[in-house]
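Given next are the chains, with one letter for each unit.
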Amino acid sequence: MTTPTLPEVKLPTLRDLLARAHLRLILFAVALATASLVLSGVMVIRSYAQRNLDLVARTVAYTVEPAVVFEDKEAIRDGIVSVAAARGVDRVEVRDRQGQLLAHWQSPRIGSLAALSQPANAFVFPNPAVSQVRRGPETIAEVRIYGDSEGLVRYTLAGTIIALACLALTVMATRILARRLQSEVVLPLEHVAEVAHAVRRDRAFEKRVPSSGIAEIDRFGRDFNALLAELQGWHAGLTSENAELARRATHDNLTGLGNRQLFDQHLGEMIAQSQRTGAPFALIYLDVDQFKSINDGYGHDAGDAALIAVAERLRSAIRHVDQAFRLGGDEFAVVLAPFFNQAHVDGVIDRIRLAMEQSYRLPNGMAVTSMLSVGVAIFPEHADSAEALVKKADMAMYKDKQGRQGPPENGALSNA
Amino acid sequence: MRSFLPLALALSANSVTPPISGLAGMPLGTAAPGESAYAGATARTVKAVIDYTRWPQRHDPLVLCVAGPVLHAARLGGIRLADGRQVERRNVVPLVQALGGCHVLYIGQVPISSQRQLTAAVRGKGVLTIAEADPAGTSEAVVSLTYQPGALSFRLNIDAISRSGLRIDPRVLRISQGGA
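Protein sequences appear in the order of chains A and B. The numbers in our numbering rise by one with no breaks, and the one at position 27 of the first sequence is 27. The numbers in our numbering rise by one with no breaks, and the one at position 180 of the second sequence is 180.
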C-alpha cells in the first residue's frame with residue numbers, strides 16, 4: 001500500500017526481504033552440506049579404493065607367482081584377469097626384476113563416465129598400488145595396479161545432482177515459507193497500515209487494529225489502538241470546542257439569540273430563497289419600551305434581566321421555523337419563515353404581544369412588565385434589498401413606538 | 001588336505017578370460033651345444049614343480065631319481081630350490097626295485113606300460129612322478145611334460161596327485177595344460 005500523494009518509489013516488500021533471506025540461508029546451508037558430504041565421501045571412498053587397490057595388488061602378486069616362476073606369460077595374464085578385472089582397476093602391470101614388462105591388462109574403458117574418469121585417474125590415484133612377487137627370499141617380479149576413478153566420479157556426479165535437486169526443492173520450500181510468513185507477519189502489519197491510512201484519509205478515529213498472533217506485532221497493535229483512542233478523544237474535544245467557538249461568534253452571550261452577524265447572514269439567505277421561490281417573508285423589528293429607564297433606574301443587572309425576559313418570551317412566541325435575533329442594546333428582530341397571507345404575520349405579532357404581558361422579576365424582586373414597539377416589513381412587497389427591508393422595518397417600529405407612547409423619553413414604567 | 005583340489009578347481013572355474021592366442025608354456029631359452037633345446041626349460045619346469053610341491057616330511061637334500069634313457073634331462077643335476085635346499089640327482093634303472101629313497105621320479109623314454117608300473121609302484125608313498133615321454137597323459141604320472149615347438153608345457157594328473165600323498169599348490173594347476 002503506497003500513499004497516493006507520494007511519488008511511487010519501488011521499495012522492497014517484507015515478503016521479498018524474507019524470501020531473499022531464506023533463499024540465501026538455504027543456499028548456503030545446502031551448499032555447505034553438499035560440499036562437506038561430497039568431500040568427505042570422496043575422501044572415504046578414495047581411501048577404501050586405495051586399500052582395495054593394495055589388496056588387489058597383493059592378490060595378483062600371490063596369484064601370478066607360480067606363473068612367473070614357470071615363465072608362462074599367458075598364465076600371468078590369466079592370473080591378472082581372474083583377480084584384477086574388476087571395477088576400480090584401470091591398468092595392471094607385472095614386471096620382472098629387470099623392469100621388463102611380463103604381462104599387463106588394461107580396462108576396456110567403456111561406459112558413459114570413461115571420458116570423465118580417465119583424466120581424473122592420475123589426479124585421484126597419483127601412485128599405483130605396488131606389490132612384490134616373492135619366491136622364497138627373493139623378489140622375482142613386481143605388480144603395479146593403477147586405480148580407476150570411475151566410482152568416485154560417479155559418486156561426485158550423483159552427489160552434485162542430488163544437491164541440485166535438493167536446491168530446487170528448497171527454493172520451492174522457501175517460496176512457500178515466505179508466503180506463510182507473509183500471512184503471519186505481513187498481513188497484521190498491513191492491517192495496521194490500512195487503519196492508519198483510513199484514519200488519515202477519512203478521520204475514521206473509531207477504527208481499531210485487530211489482534212494478531214505474534215507478540216511483537218500484537219503489542220504494537222495494542223499501542224497503536226491506544227494512540228488512536230487518545231487521538232479520537234482529542235479530535236472529539238477539538239470538534240466540540242470549535243463548534244462552541246463558532247456558536248459564540250454568531251450568538252449573543254446574554255440571551256442566547258443570534259447576533260447581528262448571524263442576522264445579516266440569515267436575512268441574506270432568506271432574500272435569496274424568496275427570490276428563488278417567489279414566496280414572501282416578513283421581518284419584524286422590536287424595541288423594548290422604556291428599557292433605558294429600567295437600565296438607569298435599577299442598574300445593569302435589571303437591564304440584563306429585562307433583555308433575558310424579552311428574549312425568552314420572543315423565543316416562546318415564535319414558531320420553530322422563525323428565527324429571533326438580538327441586534328444590540330434593546331433591539332431585537334424576528335425573521336418569519338415564508339407565509340401565505342398577512343394573517344400569519346399578525347398572528348405571530350399578537351402572540352408576541354400576549355407573551356410580553358406576563359410580568360417578570362428584576363434582581364431586586366420587583367415584578368415588571370415590558371412592552372415592545374413592533375415594526376414589520378415584508379419582502380419583496382416593501383423592499384427589494386436587505387438594507388431597504390431593515391430600514392422599512394425600523395421605520396415602522398419607530399412609528400409604532402411614537403403612536404403608542406408619544407415621545408419616547410417620557411414613557412412611563414408600568415408596574416404590575 | 002582334502003580341500004586343496006576342489007579349491008584349485010574352483011579357482012580355475014573362476015577364470016573369465018577367453019584363451020588368448022600366443023605362446024603358452026615356458027620359453028626354451030638358449031641351449032648348450034650337443035644337448036636338447038628343451039634341456040633348460042625342462043630343468044626350470046622340474047625345479048618349479050618341486051618348488052610348489054609339499055612332501056609329508058621335509059627332505060634335505062631332495063632326491064631326484066632319473067629312470068631310464070632321457071632326452072631332455074641334461075640340466076637336472078645341481079638344482080637348488082627357492083628355499084635353499086639342494087636337489088640330488090640320482091640315475092636309476094627303470095625298475096620297481098630301484099626306486100628306494102627317491103622323492104622325485106623322472107621317468108625317461110620307456111614304454112608306457114613300464115611307466116605305469118613305475119608310477120603304480122610309488123603311488124601313495126610321497127613320490128612326485130614326472131613323465132618325459134607321455135604326450136597322451138596315460139602314464140598316470142603326476143606331471144607329464146609336453147614338448148611343443150618352441151615351448152615346454154606340462155600336464156597335471158589330478159587323480160595321480162590325490163593318490164600320491166603329496167600336496168601341490170593349486171595355483172600350479174592353473175598353469176598346467178587344461179588347468180585354466
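Simulated from the structure, these hints should not be mistaken for laboratory data. By construction, the Cβ of each residue, glycine as well, lies at the ideal position given by its N, Cα and C atoms. A portion of the hints provided could be inaccurate.
[To be verified] Which bits of chain B does chain A cover? Going by a derived footprint, with three or more residues having C-beta under 8 Å, they are:
#	region
1	45-56
2	103-117
[What the hints assert, rightly or not] Capping the alpha-carbon separation at 20 Å, the derived lysine to aspartate or glutamate pairs in EDC-like fashion look like this:
#	chain 1	residue 1	chain 2	residue 2
3	B	Lys47	A	Glu138
4	A	Lys10	A	Glu74
5	B	Lys47	A	Asp96
6	A	Lys292	A	Asp400
Status of the hints after comparison with the structure:
no., hint, in the structure
1, 45-56, "holds (count 4)"
2, 103-117, "violated (count 0)"
3, B/Lys47 x A/Glu138, "16 Å, holds"
4, A/Lys10 x A/Glu74, "80 Å, violated"
5, B/Lys47 x A/Asp96, "19 Å, holds"
6, A/Lys292 x A/Asp400, "18 Å, holds"
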